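Sequence lines, in order, name chains X and S.
Residue 569, in my numbering, is where the first sequence stops; the numbers in between run on with no holes.
Residue 569, in my numbering, is where the second sequence stops; the numbers in between run on with no holes.
Since the hints were made in silico from the structure, they are not lab data.
A hint or two may mislead.
One copy or two, it doesn't matter: identical chains are merged, so the pair holds either way.
Below 27 Å or equal to it, Euclidean Cα-Cα: the simulated BS3-like pairs (lysine-lysine) are [as the list claims (entries may be wrong)]:
| hint | residue 1 | residue 2 |
| --- | --- | --- |
| 1 | 253 | 231 |
| 2 | 488 | 459 |
| 3 | 459 | 55 |
| 4 | 414 | 231 |
| 5 | 506 | 345 |
| 6 | 182 | 488 |
| 7 | 75 | 147 |
| 8 | 345 | 475 |
| 9 | 138 | 532 |
| 10 | 55 | 182 |
| 11 | 475 | 488 |
It should be emphasised that the depicted structure is a prediction, and the values quoted were computed from it without experimental measurement.
Number of protein chains: 2
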Amino acid sequence: MTGVDPSDLLALCKRRGFIWPSFEIYGGVAGMFDYGPLGCALRNNITDVWRAIYKGREGFVEIDSETVNPREVFKASGHVDEFADLITYCTKCQAPFRADHLVKEFYDNPDVLSPAELDQAFIDHNVKCPECGGDLGKVEEFNLMFKTNIGPGSARIGYLRPETAQGIFVNFNNLYRYNREKLPLGVIQTGRGYRNEIAPRQGMIRMREFNMMEVELFVDPEDKDWPRFPKIENETITLVPNTTCEPVTMTIKEAVDKKIIANRVLAYFVNTTKQFLIRLGIDPARLRFRQHLKDEMAHYAADCWDAEVLLSYGWMEITGIADRGCWDLSRHAQFSGAELTHFKKFDEPIEEEVDKIKANHRLLGPRFKGQAKDIAAAMESMTPADVKDGKLVITVNGEKIEIGSDLFEVVRVKEKVAGKRVVPHVIEPSCGLDRIFYSVLEHAYDYDEKEGYTVLHIKPEVAPIKVAVFPLMEKDGLDDIARDIYEKLQLSGLNSLYDGAGTIGKRYARMDEVGTPFCITVDYESMEGDTKGTVTIRDRDSRDQKRIRIDDAERVIRSLMAGADFKTI
Amino acid sequence: MTGVDPSDLLALCKRRGFIWPSFEIYGGVAGMFDYGPLGCALRNNITDVWRAIYKGREGFVEIDSETVNPREVFKASGHVDEFADLITYCTKCQAPFRADHLVKEFYDNPDVLSPAELDQAFIDHNVKCPECGGDLGKVEEFNLMFKTNIGPGSARIGYLRPETAQGIFVNFNNLYRYNREKLPLGVIQTGRGYRNEIAPRQGMIRMREFNMMEVELFVDPEDKDWPRFPKIENETITLVPNTTCEPVTMTIKEAVDKKIIANRVLAYFVNTTKQFLIRLGIDPARLRFRQHLKDEMAHYAADCWDAEVLLSYGWMEITGIADRGCWDLSRHAQFSGAELTHFKKFDEPIEEEVDKIKANHRLLGPRFKGQAKDIAAAMESMTPADVKDGKLVITVNGEKIEIGSDLFEVVRVKEKVAGKRVVPHVIEPSCGLDRIFYSVLEHAYDYDEKEGYTVLHIKPEVAPIKVAVFPLMEKDGLDDIARDIYEKLQLSGLNSLYDGAGTIGKRYARMDEVGTPFCITVDYESMEGDTKGTVTIRDRDSRDQKRIRIDDAERVIRSLMAGADFKTI
Numbered sequence: 001m002t003g004v005d006p007s008d009l010l011a012l013c014k015r016r017g018f019i020w021p022s023f024e025i026y027g028g029v030a031g032m033f034d035y036g037p038l039g040c041a042l043r044n045n046i047t048d049v050w051r052a053i054y055k056g057r058e059g060f061v062e063i064d065s066e067t068v069n070p071r072e073v074f075k076a077s078g079h080v081d082e083f084a085d086l087i088t089y090c091t092k093c094q095a096p097f098r099a100d101h102l103v104k105e106f107y108d109n110p111d112v113l114s115p116a117e118l119d120q121a122f123i124d125h126n127v128k129c130p131e132c133g134g135d136l137g138k139v140e141e142f143n144l145m146f147k148t149n150i151g152p153g154s155a156r157i158g159y160l161r162p163e164t165a166q167g168i169f170v171n172f173n174n175l176y177r178y179n180r181e182k183l184p185l186g187v188i189q190t191g192r193g194y195r196n197e198i199a200p201r202q203g204m205i206r207m208r209e210f211n212m213m214e215v216e217l218f219v220d221p222e223d224k225d226w227p228r229f230p231k232i233e234n235e236t237i238t239l240v241p242n243t244t245c246e247p248v249t250m251t252i253k254e255a256v257d258k259k260i261i262a263n264r265v266l267a268y269f270v271n272t273t274k275q276f277l278i279r280l281g282i283d284p285a286r287l288r289f290r291q292h293l294k295d296e297m298a299h300y301a302a303d304c305w306d307a308e309v310l311l312s313y314g315w316m317e318i319t320g321i322a323d324r325g326c327w328d329l330s331r332h333a334q335f336s337g338a339e340l341t342h343f344k345k346f347d348e349p350i351e352e353e354v355d356k357i358k359a360n361h362r363l364l365g366p367r368f369k370g371q372a373k374d375i376a377a378a379m380e381s382m383t384p385a386d387v388k389d390g391k392l393v394i395t396v397n398g399e400k401i402e403i404g405s406d407l408f409e410v411v412r413v414k415e416k417v418a419g420k421r422v423v424p425h426v427i428e429p430s431c432g433l434d435r436i437f438y439s440v441l442e443h444a445y446d447y448d449e450k451e452g453y454t455v456l457h458i459k460p461e462v463a464p465i466k467v468a469v470f471p472l473m474e475k476d477g478l479d480d481i482a483r484d485i486y487e488k489l490q491l492s493g494l495n496s497l498y499d500g501a502g503t504i505g506k507r508y509a510r511m512d513e514v515g516t517p518f519c520i521t522v523d524y525e526s527m528e529g530d531t532k533g534t535v536t537i538r539d540r541d542s543r544d545q546k547r548i549r550i551d552d553a554e555r556v557i558r559s560l561m562a563g564a565d566f567k568t569i
Numbered sequence: 001m002t003g004v005d006p007s008d009l010l011a012l013c014k015r016r017g018f019i020w021p022s023f024e025i026y027g028g029v030a031g032m033f034d035y036g037p038l039g040c041a042l043r044n045n046i047t048d049v050w051r052a053i054y055k056g057r058e059g060f061v062e063i064d065s066e067t068v069n070p071r072e073v074f075k076a077s078g079h080v081d082e083f084a085d086l087i088t089y090c091t092k093c094q095a096p097f098r099a100d101h102l103v104k105e106f107y108d109n110p111d112v113l114s115p116a117e118l119d120q121a122f123i124d125h126n127v128k129c130p131e132c133g134g135d136l137g138k139v140e141e142f143n144l145m146f147k148t149n150i151g152p153g154s155a156r157i158g159y160l161r162p163e164t165a166q167g168i169f170v171n172f173n174n175l176y177r178y179n180r181e182k183l184p185l186g187v188i189q190t191g192r193g194y195r196n197e198i199a200p201r202q203g204m205i206r207m208r209e210f211n212m213m214e215v216e217l218f219v220d221p222e223d224k225d226w227p228r229f230p231k232i233e234n235e236t237i238t239l240v241p242n243t244t245c246e247p248v249t250m251t252i253k254e255a256v257d258k259k260i261i262a263n264r265v266l267a268y269f270v271n272t273t274k275q276f277l278i279r280l281g282i283d284p285a286r287l288r289f290r291q292h293l294k295d296e297m298a299h300y301a302a303d304c305w306d307a308e309v310l311l312s313y314g315w316m317e318i319t320g321i322a323d324r325g326c327w328d329l330s331r332h333a334q335f336s337g338a339e340l341t342h343f344k345k346f347d348e349p350i351e352e353e354v355d356k357i358k359a360n361h362r363l364l365g366p367r368f369k370g371q372a373k374d375i376a377a378a379m380e381s382m383t384p385a386d387v388k389d390g391k392l393v394i395t396v397n398g399e400k401i402e403i404g405s406d407l408f409e410v411v412r413v414k415e416k417v418a419g420k421r422v423v424p425h426v427i428e429p430s431c432g433l434d435r436i437f438y439s440v441l442e443h444a445y446d447y448d449e450k451e452g453y454t455v456l457h458i459k460p461e462v463a464p465i466k467v468a469v470f471p472l473m474e475k476d477g478l479d480d481i482a483r484d485i486y487e488k489l490q491l492s493g494l495n496s497l498y499d500g501a502g503t504i505g506k507r508y509a510r511m512d513e514v515g516t517p518f519c520i521t522v523d524y525e526s527m528e529g530d531t532k533g534t535v536t537i538r539d540r541d542s543r544d545q546k547r548i549r550i551d552d553a554e555r556v557i558r559s560l561m562a563g564a565d566f567k568t569i
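Starting from the given sequences, assemble the full structure and let the hints guide the process.
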């Protein structure tokens with residue numbers, strides 16, 4: 001656990017306009033938060049870094065799909081049947097509870113208990129309603145998707161998506177065509193996800209409406225390499241493999257060579273996630289990658305790693321990186337009837353022996369006359385697997401015709417085959433944006449007990465306000481110069497703030513508290529003598545100050561944001 | 001009407017990855033579209049221009065609030081009671097229809113008819129079910145919000161927001177505090193809105209799930225000026241006032257002076273909308289601002305203008321700019337009990353005569369002993385309006401006490417008053433992002449019948465791909481140079497594309513068709529002689545070509561995007 005009290009941090013967030021509990025004037029709704037001006041800016045900056053990595057560096061494409069989906073989509077994805085928590089209602093006061101939460105003091109892993117086991121646990125441990133002491137009702141499943149109807153009547157059931165990923169999977173063929181039918185095909189999407197929690201807790205960690213950044217990378221199932229792997233193979237990372245469950249630091253290359261991470265492409269994106277989180281300001285000493293336990297991993301997943309950060313709540317998952325195999329596309333192919341595959345060309349066409357239906361043309365002609373040619377074609381377009389009870393059923397010109405075994409034979413022939421259809425595998429780095437946002441704030445938070453003074457050490461690249469501009473006094477034309485500098489910086493695209501109220505010390509403190517990395521002050525020296533046309537710039541983290549030319553301000557701030565050392569400017 | 005056939009444009013959009021009908025593999029859902037790679041990039045670029053204007057230039061703040069809202073919010077906003085279309089179901093086949101659409105050939109304005117009038121209209125004009133010829137059922141209201149439940153059970157009803165604006169209004173006090181309790185206070189929000197259409201039509205014009213960009217500017221009701229107004233007052237604009245209903249072009253200053261637009265701040269943002277749309281590439285000759293008719297305007301609106309563009313569907317509203325008065329904040333104050341006001345300080349405190357309650361201390365002491373002081377204070381905190389039937393009811397230490405008229409009097413006193421509470425007025429420029437997106441495409445669309453060739457003349461600032469890089473041939477190292485240029489441009493943040501397949505002519509055509517403004521070609525001259533280290537750059541609109549240095553490519557493209565003339569580079 002770290003020294004931050006989340007309620008202090010949330011109070012700061014609320015007071016200064018990072019996040020606000022939603023609908024407060026109407027009593028609020030648990031598990032819902034609005035992003036205020038500073039929060040919205042910080043969150044958008046985080047998304048921009050994510051885009052710079054996946055779109056900019058990796059060349060992936062971005063799409064934006066609908067949040068309301070018809071039931072069919074989540075029937076295929078498994079969410080209609082599986083996306084549930086176990087609920088119990090008090091028989092006296094009707095209050096709802098997550099059943100596993102009520103017995104967590106008696107079991108290490110209460111979330112693996114079945115409804116019947118939980119019913120029994122209530123009896124064994126004499127668990128009653130925490131609100132009124134009443135008896136608890138029978139434990140049942142509660143689906144966590146928000147349900148609605150699309151269009152009038154209740155004919156078409158819709159759900160708010162629990163993840164953005166499905167919007168990418170159902171568009172696979174469109175995306176595949178866009179990519180000129182080539183793999184790898186990398187697709188990113190950011191947007192809302194919804195989870196109708198029974199009883200949300202832990203601030204921004206469990207939200208009913210949340211923000212995701214998901215990447216779905218479709219790869220050839222027989223080629224799990226990645227071209228840029230050699231560039232990062234010697235970077236080190238802290239892993240918690242599911243064999244030892246102990247943290248160990250090693251290179252990415254070692255992790256693959258020792259078969260700790262399943263393959264090179266997955267390892268590359270585990271490392272990309274590490275790079276991303278550290279670039280945002282996550283403390284590397286409070287970051288680890290934990291492999292899912294064998295019984296925790298989805299049955300279809302080849303391997304799965306969680307990026308976990310140490311927060312005041314304990315170690316918390318903020319990103320998952322999984323090799324989901326062919327699961328997603330196979331399911332949607334099965335439920336929709338669409339073919340969702342990649343045609344993998346062989347380097348050279350190869351000769352294969354295949355079994356085929358061969359029509360007996362000699363008998364067909366006399367028996368079917370003018371239709372014989374169409375019937376033969378229909379038969380030969382079928383495969384030996386279509387033969388049932390020695391018979392073939394074909395449809396010709398809308399008419400079903402049963403063909404007896406005397407009219408065809410199964411023959412083995414040699415064929416040139418140019419390639420084969422494969423179902424792409426999916427590598428998925430999936431980020432919980434709100435959790436990342438909150439983690440960035442916790443790891444940036446620094447409270448000086450003695451001084452009663454808070455500084456958020458947010459990295460300049462993602463800080464909501466990049467620079468504040470102050471006149472030393474709001475008079476003598478100092479304010480005009482300061483406003484002019486503010487306007488130029490703001491129009492150049494650097495989010496800036498003008499502040500003329502209170503002492504300079506108070507103004508610095510206000511900016512430190514919201515993580516503004518740089519403050520520019522216009523003083524009397526800015527107006528006369530050798531120092532005319534210069535201002536001071538102050539660094540939040542070192543509290544050092546330097547004098548720079550006004551004309552140089554934008555360039556200096558941009559180079560500081562790109563990582564330049566304040567000492568060298 | 002323009003020459004574009006929307007189905008041609010939508011086919012291009014689908015084929016090339018701008019937009020895709022959603023959930024096609026499951027048969028699709030009417031009124032829902034996904035943004036593909038090119039569409040998502042174009043749409044994000046449009047949003048960035050909007051942010052540059054409102055956040056960058058005007059200094060407004062951005063927030064992001066929840067899409068699922070509890071019922072109370074939309075009860076106050078009026079959507080629960082008013083946000084409805086009239087529906088009828090066929091009594092035979094149960095198909096649902098928008099009732100007014102079924103009688104549109106008989107009435108100029110069928111959407112003003114009441115349910116009873118529509119029932120009668122069906123009889124008068126013998127209107128039957130368009131699907132099966134059956135009789136139509138009774139016309140009733142159908143609320144257009146998607147409904148859901150928040151949390152388990154059906155205790156808390158929630159709706160998907162029909163507009164983003166309410167999330168700003170309910171956060172007014174948080175925003176006001178963030179702005180240090182000053183007006184004006186400008187707030188922007190972009191995100192999803194939802195409208196559960198009965199029968200969506202017209203492609204992207206009527207979507208069930210759509211994207212908005214809304215601005216809520218809170219101003220002092222007694223000060224509807226805007227500091228930057230003088231900078232734009234001489235710009236011209238085409239207005240259709242509700243007095244003449246004829247288009248007329250005049251300056252912004254004239255429009256205000258002649259009282260055509262209600263006030264200067266509204267006029268400023270009508271003009272800002274014009275600037276914004278033209279910057280995106282909307283054809284000024286196909287853009288006008290139509291004032292709402294008196295009976296079309298919401299009863300609370302002081303004035304309202306629609307930005308309309310001429311599309312193949314006819315004139316279509318894509319942005320509304322309204323002076324909504326104090327309506328929104330007053331309603332939420334009334335329904336929530338929260339005070340949503342601005343404290344307007346007078347320049348000097350003024351002396352006012354006010355009526356006050358004065359306790360009769362002489363009688364209170366003996367009668368109430370130790371409680372007398374608290375009772376007197378409670379009485380004097382009340383106003384003469386609280387006196388009912390000559391009596392005051394006060395609460396002291398949890399006890400209700402009735403005070404007779406002998407114990408107080410109403411006196412007129414002089415008081416210094418520092419200011420007063422006012423309910424801010426709201427100026428709202430509200431953009432339909434999908435409609436703007438579609439309009440940009442229609443106005444950029446240029447199809448050459450003879451050549452069978454399409455060019456999208458999308459402005460470089462918003463074009464999804466800024467530059468494509470081609471090797472003349474994919475060999476002899478030309479491809480290595482081209483890939484290197486592509487990577488540098490892409491990493492610099494310019495969305496770029498590498499293409500080595502097919503003839504150069506075909507590659508240019510592919511890029512023209514998706515609106516890529518510039519193509520760079522690496523040829524043999526790039527590798528030798530005086531021209532070593534140079535490439536050609538081609539301009540989409542003029543089809544001119546020039547030779548530039550590879551090292552200069554990024555700078556040249558950025559200056560072209562900022563509006564430089566291709567001839568002068």
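Which of the numbered hints are not met once you compare them with the structure shown?
4 and 9
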